[in-house]
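With the sequences and hints as input, model every part of the structure.
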Amino acid sequence: MADGTAALAQTGAARSAAGPRRGGLHRMMRRQSTTAFLLCLPLLALVLGLMIFPAFYAGWLAMLNKSMERFVGLGNFTFLFRRETFWNVVWQSCIFAITAVFFKALIGFILAHLVHVLPAKGQRKWRGMLLVPWVMPLAIGTLAWWWLLDPSYSAFNWVIRAAGGENIAWLGDTFWARFSVILVNVWYGAPFFMIMYLAALKSVPEQLYEAAAIDGANAWQKLWHITLPMMRNIISITVLFSLIVTFANFDIVRILTNGGPRDTTHIFATYSFALGIGSGDIPLGAAVSLFMFPILGVFAIFILRGVRRRADAMG
Amino acid sequence: MAEVSLRKVVKLFDGGVQAVRGIDLDIADHEFVVLVGPSGCGKSTTLRMIAGLEEVSDGEIWIGGEMVNDIPPKDRDIAMVFQNYALYPHMTVFENMAFGLKLRHFPKDEIKRRVDRAAAILSIGELLERKPKALSGGQRQRVAMGRAIVRDPKVFLFDEPLSNLDAKLRVQMRTEIKKVHQAVKTTTIYVTHDQVEAMTLADRVVVMNHGVIEQVGPPNELYHHPATIFVAGFIGSPAMNFIPARLSNGAGALRIELGQGLSLPVPADRTARYAPHRNKKLLFGIRPEHLTETTRTDKQNLAPITVELDVIEPMGMETLVHFRIEGTPVCARVDPAAGAQAGQPMTLAAHMDQMHLIDADTGKVL
Numbered sequence: 001m002a003d004g005t006a007a008l009a010q011t012g013a014a015r016s017a018a019g020p021r022r023g024g025l026h027r028m029m030r031r032q033s034t035t036a037f038l039l040c041l042p043l044l045a046l047v048l049g050l051m052i053f054p055a056f057y058a059g060w061l062a063m064l065n066k067s068m069e070r071f072v073g074l075g076n077f078t079f080l081f082r083r084e085t086f087w088n089v090v091w092q093s094c095i096f097a098i099t100a101v102f103f104k105a106l107i108g109f110i111l112a113h114l115v116h117v118l119p120a121k122g123q124r125k126w127r128g129m130l131l132v133p134w135v136m137p138l139a140i141g142t143l144a145w146w147w148l149l150d151p152s153y154s155a156f157n158w159v160i161r162a163a164g165g166e167n168i169a170w171l172g173d174t175f176w177a178r179f180s181v182i183l184v185n186v187w188y189g190a191p192f193f194m195i196m197y198l199a200a201l202k203s204v205p206e207q208l209y210e211a212a213a214i215d216g217a218n219a220w221q222k223l224w225h226i227t228l229p230m231m232r233n234i235i236s237i238t239v240l241f242s243l244i245v246t247f248a249n250f251d252i253v254r255i256l257t258n259g260g261p262r263d264t265t266h267i268f269a270t271y272s273f274a275l276g277i278g279s280g281d282i283p284l285g286a287a288v289s290l291f292m293f294p295i296l297g298v299f300a301i302f303i304l305r306g307v308r309r310r311a312d313a314m315g
Numbered sequence: 001m002a003e004v005s006l007r008k009v010v011k012l013f014d015g016g017v018q019a020v021r022g023i024d025l026d027i028a029d030h031e032f033v034v035l036v037g038p039s040g041c042g043k044s045t046t047l048r049m050i051a052g053l054e055e056v057s058d059g060e061i062w063i064g065g066e067m068v069n070d071i072p073p074k075d076r077d078i079a080m081v082f083q084n085y086a087l088y089p090h091m092t093v094f095e096n097m098a099f100g101l102k103l104r105h106f107p108k109d110e111i112k113r114r115v116d117r118a119a120a121i122l123s124i125g126e127l128l129e130r131k132p133k134a135l136s137g138g139q140r141q142r143v144a145m146g147r148a149i150v151r152d153p154k155v156f157l158f159d160e161p162l163s164n165l166d167a168k169l170r171v172q173m174r175t176e177i178k179k180v181h182q183a184v185k186t187t188t189i190y191v192t193h194d195q196v197e198a199m200t201l202a203d204r205v206v207v208m209n210h211g212v213i214e215q216v217g218p219p220n221e222l223y224h225h226p227a228t229i230f231v232a233g234f235i236g237s238p239a240m241n242f243i244p245a246r247l248s249n250g251a252g253a254l255r256i257e258l259g260q261g262l263s264l265p266v267p268a269d270r271t272a273r274y275a276p277h278r279n280k281k282l283l284f285g286i287r288p289e290h291l292t293e294t295t296r297t298d299k300q301n302l303a304p305i306t307v308e309l310d311v312i313e314p315m316g317m318e319t320l321v322h323f324r325i326e327g328t329p330v331c332a333r334v335d336p337a338a339g340a341q342a343g344q345p346m347t348l349a350a351h352m353d354q355m356h357l358i359d360a361d362t363g364k365v366l
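Quick note, the sequences are listed as chains A and B, same order. Note that the working numbering has the first sequence beginning at 1, numbered continuously upward. Note that the working numbering has the second sequence beginning at 1, numbered continuously upward.
By construction, these hints were calculated from the structure, which means they are not laboratory data. Backbone N, C-alpha and C define an ideal beta-carbon position, used for all residues, glycine too. Some clues are possibly wrong.
To be verified - A partial selection of chain B residues facing chain A, derived with a Cβ cut-off under 7 Å:
no., residue
1, Phe82
2, Asn84
3, Arg104
4, Met199
What the hints assert, rightly or not - So the derived label-pair ranges between C-beta atoms look like this:
no., chain 1, residue 1, chain 2, residue 2, range
5, A, Ser203, B, His210, 57 to 63 Å
6, B, Met67, A, Cys94, 55 to 61 Å
7, B, Asp58, A, Ile98, 53 to 59 Å
8, A, Arg310, B, Asp203, 42 to 48 Å
See below:
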């Protein structure tokens, strides 16, 4: 391919030298890099318009006063730092994202192994069924959970009562409300981990397990010494991806608890929405949303650096 | 180190495919045995059953006087070298070689001593800190062998270990494997589809076809005295020629009639053996190297045949000439100086003391 490109470039150069002198624009258009850039331009414009511009605009908004008429510098940030609710949101966002991602990864890993050892015939059926939570629209799934956790109609409470227990205020008590939003997030996200890990498991050469079996490894040692190291990159990438998505989650908290009770289940996105849209203070909402960047940036740098290093070493 | 025995071993896969059909084989301590045969003949399945990677459907496998049918691979005290090396990509060469010892809780200094010793035998001492990705195919193969050597197992199993190497490296590694076996003398079972590898490495060769053993014997015995048409055709390169033939009594002696007016005398010492097969459909088998130019026709048991050559293949040290007898393609090996030319007639000498007569119906060499 490189040879072909070089040949094309040479032919182009020869023609330019031999033929009559053309305009600068025509020459520029003949360059392959220019054509490539022009072909990518619509996509670049889309990215700029829908992602880069709103990000910078949020940065600008975060430095305006509530009526968006006056520049207040870092005033909104210092205001947030002094509010206990904001630090609760930071704490809850971290707890929510880390706990949910941990359990999604763990359950996804176990499910992937269970599906992987199933005979090929039944595997597709189980894979399809287990993927249902992930392919279902999240808002609809969460509404179903809301019904299951509702104080009056909770199916869970019906079972607990039938077993002689007492009703649990799933969405009314801070601990259980936090538990519930994490539970629904795990239910929704674990199938994604399962499908990624299943793909990774299938890519581990069977001969490595056979070599390990002959080397004397039992099932746990194979998991620890072969499966996990071979899957470390895919685990890192899915964890990073899921951390980003879970940190930025909105639907589950908004539908299940709307941040309650007493703002204890708010995460960055819902708190930003509550301040910006709910209370009409768009600059303050924008300031909250900007806090996700540095936290996720640090995660991304560390995880991607490890992925690159291992990919280089293993090939 | 140990002897290995297979007793009526059968492997039946799901769907009713019988890969191995009741084979019996005894391998002595220190012996180097090569299982050879075409793809799908059951040789790799047999090796994997010995390793414990495939269950035995029926029969018994004994290693070192112990029946191992129900013993998992890790407890059979065997080491295996795979076709694709199966090196752990996330471990260094040292870690790859030490892995089996580490799992068996060997002390650290003993692990180091063993790895260093194996690395010295295989000349990979300077590669110990590298990851498999940074090694060439030949180096990876050496590491895979090193991983087997450090364990000092009862039996080495090799599953087509040279198939992924280029022709030059394959020859080099073949010698290395032979050297290693001479150095460590562990009982070795080696699977290959390459009959040259089988002939050069083995103390005894086991030729398999369609899940059964066709013949077991030292390389030279298989070459000179094949038991079946399959072994005769499989061992040797280029392959043995098989020409439809019948026996006749001409001038008081038994002769082999090939058609096209070609009639060859049966060597005197074989007359009694061949005489009862006079009315059977037969195949005359002769290797290309036993069809040569006629410079030595004075020698006993050389029968001249004149044929018209179709194709000439100069190989440098020899020339392969191709022709047809009654439509059957035949190949002969002649001296490059013999002046063979395509489209020209040439008189060749058939070394009748090296010929084989095969029953066309049973495929048995008579």
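Hint by hint, here is what the structure shows:
The closest approach between the C-beta of Phe82/B and any C-beta of chain A is roughly 5 Å, which is under the 7 Å cut-off, so the hint is satisfied. A least Cβ separation of about 6 Å between Asn84/B and chain A falls short of the 7 Å threshold, and the interface hint therefore holds. Hint on Arg104/B holds. Least Cβ distance to chain A is approximately 5 Å, under the 7 Å limit. Residue-level restraint check for Met199/B is violated (minimum Cβ-Cβ distance to chain A is 27 Å; threshold 7 Å).
For the hinted restraint 57 to 63 Å between Ser203/A and His210/B, the CB-CB distance of approximately 34 Å leaves it violated. Taking 55 to 61 Å as the suggested C-beta distance range, the pair Met67/B and Cys94/A conforms, at roughly 59 Å. Our hint of 53 to 59 Å for Asp58/B and Ile98/A holds, since their Cβ atoms are close to 55 Å apart. Distance hint check for Arg310/A and Asp203/B: the Cβ-Cβ separation is about 44 Å, which falls inside the suggested range of 42 to 48 Å.
The structure is inconsistent with the numbered hints 4 and 5, although it conforms to all the rest.
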